[in-house]
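Just so we're aligned: the sequence shown equals residues 898 to 1221 in our numbering.
It is worth saying that the hints were derived from the structure and are not from the lab. Be aware that one or more of the hints could be misleading.
To be verified - Label pairs and their in silico Cβ distance ranges:
(1) K1119 <-> E923: 47 to 53 Å
(2) E1051 <-> Q1098: 23 to 29 Å
(3) E1143 <-> P1084: 20 to 26 Å
(4) Q1180 <-> D985: 25 to 31 Å
(5) E1207 <-> E1143: 17 to 23 Å
(6) K1119 <-> E1203: 24 to 30 Å
(7) R1058 <-> F987: 44 to 50 Å
(8) N944 <-> Q1098: 24 to 30 Å
(9) N944 <-> K1059: 16 to 22 Å
(10) I1034 <-> D1094: 45 to 51 Å
(11) S1005 <-> K1059: 48 to 54 Å
(12) S1106 <-> G997: 35 to 41 Å
(13) K1097 <-> S1062: 15 to 21 Å
To be verified - Here are the simulated lysine-lysine pairs, BS3-like style, with alpha carbons at most 27 Å apart:
(14) K1214 <-> K1173
(15) K1093 <-> K1214
(16) K1060 <-> K1119
(17) K1113 <-> K935
(18) K999 <-> K967
(19) K1113 <-> K920
(20) K1000 <-> K935
(21) K1113 <-> K1089
(22) K1097 <-> K1087
(23) K1087 <-> K1173
(24) K899 <-> K967
(25) K1000 <-> K920
(26) K899 <-> K1000
(27) K935 <-> K924
(28) K960 <-> K920
The beta carbon of each residue, even a glycine, is placed where N, CA and C say it ideally should be.
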Amino acid sequence: MKIAVYSPNWVGDATLSLPFIHKLKEKNIESEITVVCKDWVAPVYHNNPNIDSIVSYSSNNLKGLFKTIKNGLDLRDKNFDYFYTLTDSFRSALVMWLSGAKKRIGYSSQLRSPLLTTVFTLPLLEMHRTNKYLNLIDESNNLNTTENYIFLDEIEYNWARKKLSESNIINFIAIFPFSVSQSRTIPTNKIKEWLKDSTKQYVIFGTKSNVNEAQKIINQNKEVSIYSFCGELTLRKSIALISFAEYALAADSGLGHISSTLEIPTISFFGAKRSKATKPIGQKNIVLDKSHRCDPCYQNQCCLNEITIEDVNNSIKRLQNFHN
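Go ahead and model the full structure; you've got the sequences and the hints to work with.
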């Protein structure tokens, strides 16, 4: 049997989809599983023994109706028996329908139900995203799982060791202060407050668009040892380096999900009551979310500014227990 999974479009959501894929393989052990995804989330799925193949599309290949139709038709020779969509988009349902998959499963949204053969009603109550995905196969998940979901090979580990050695980085703390949404990015003044007088070594991870902001953080904290890899690495290489972190300080971001899933002790900073539905999975994760103090404005910044150095230090002490 051939099964396809249309992946979520963001790194964090793709990471939250991994328990679904693993459980799907467990329930269909002899099946061939293909992940269909955007190319920027594909590294989350690489080397995964529960995935047989990956079909990825660049952003240019996803623009417009004609390219969407072509993508769907190009999948016909895969002869999928089942095709699950983990996004709520109309585009994903159209691709599934055009692929000719016999069974097409997803949630009712964006008037796409006629394109699906099995339609699930969107949950009325807020459900964690991992369990929302698992609900499509009548499963649920302990979000404090210790199961391994991201797989690195020895070549990747060796590269990371060499890179850290060449950069004179030892026993570092990873920082992921940036997010795809500016409102979820940790304010630089809060980072300065949290890192004040620290003797630890920190490494900032991010994209090319974060280079200037990372340098700003370094300039504001000259008394602290901070190194930036922003814009230098592929996602896969970032994952390899993160796997060596002592612990991580993370915005509501894809890298925060990855570090927690890697079982790196992670403090995740959330606002606007998002943590209930989108907090990272993993046993070694602590979420700091002050949004319960107000009616969320969904701007996040006021909630992030409520997080104090005492909150961070207390969480670090708990993380040290995880690490030991």
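Quick rundown of the hints versus the structure:
Our hint of 47 to 53 Å for K1119 and E923 holds, since their Cβ atoms are close to 51 Å apart. Checking the proposed 23 to 29 Å range against E1051 and Q1098 shows it holds: the Cβ atoms sit about 25 Å from each other. Between E1143 and P1084 the beta carbons are some 24 Å apart, a value that agrees with the proposed interval 20 to 26 Å. For Q1180 and D985, the hinted distance range of 25 to 31 Å is satisfied, since their beta carbons lie about 29 Å from each other.
Distance hint for E1207 and E1143: a CB-CB separation of about 21 Å, consistent with the stated range 17 to 23 Å. Between K1119 and E1203 the beta carbon distance is about 27 Å. The supplied range of 24 to 30 Å therefore holds. Under the hint 44 to 50 Å, the C-beta atoms of R1058 and F987, about 45 Å apart, fit the expected range. For the pair N944 and Q1098, the supplied restraint of 24 to 30 Å holds, since their beta-carbon distance comes to about 28 Å.
In this structure the supplied range 16 to 22 Å holds for N944 paired with K1059, their Cβ-Cβ distance being about 19 Å. Judged by the Cβ atoms, the range 45 to 51 Å given for I1034 and D1094 holds: they are separated by roughly 50 Å. The hinted range of 48 to 54 Å is satisfied by S1005 and K1059, whose Cβ atoms lie roughly 50 Å apart. Distance hint for S1106 and G997: a CB-CB separation of about 39 Å, consistent with the stated range 35 to 41 Å.
For the hinted restraint 15 to 21 Å between K1097 and S1062, the CB-CB distance of approximately 18 Å keeps it satisfied. As the CA atoms of K1214 and K1173 are separated by approximately 23 Å, the hinted pair is consistent with the 27 Å bound. Note on K1093 and K1214: the hinted pairing holds, with a Cα-Cα distance of about 17 Å set against a maximum of 27 Å. Distance restraint check for K1060 and K1119: the Cα-Cα separation of roughly 23 Å lies within the 27 Å cut-off, and the hinted pair is therefore satisfied.
Using a Cα cut-off of 27 Å, the hinted pair K1113 and K935 is violated, with the two alpha carbons roughly 31 Å apart. For the proposed pair K999 and K967, the alpha carbon gap of about 19 Å is at most 27 Å, so the pair holds. Restraint check for K1113 and K920: not satisfied, since their Cα atoms lie roughly 43 Å apart, outside the 27 Å limit. The straight-line distance between the Cα atoms of K1000 and K935 is roughly 22 Å, inside the 27 Å bound, and the hint therefore holds.
Only pairs whose Cα atoms come within 27 Å are accepted, and K1113 paired with K1089 is accepted, the gap being roughly 11 Å. Annotation: proposed proximity of K1097 to K1087 holds, straight-line Cα distance about 17 Å (limit 27 Å). The suggested pairing of K1087 with K1173 holds, with an alpha-carbon distance near 23 Å, which does not exceed 27 Å. About 21 Å separates the Cα atoms of K899 and K967, which keeps this hinted pair within 27 Å; it holds.
Annotation: proposed proximity of K1000 to K920 holds, straight-line Cα distance about 18 Å (limit 27 Å). A hinted pair counts as satisfied when its Cα atoms are at most 27 Å apart, and K899 with K1000 qualifies at roughly 11 Å. Pair hint K935 plus K924 holds up; C-alpha atoms about 25 Å apart against a cutoff of 27 Å. Proximity of K960 to K920 is assessed by CA-CA distance (about 32 Å); at most 27 Å being required, the pair is judged violated.
In this structure, the hints that do not hold are numbers 17, 19, 28, in rising order.
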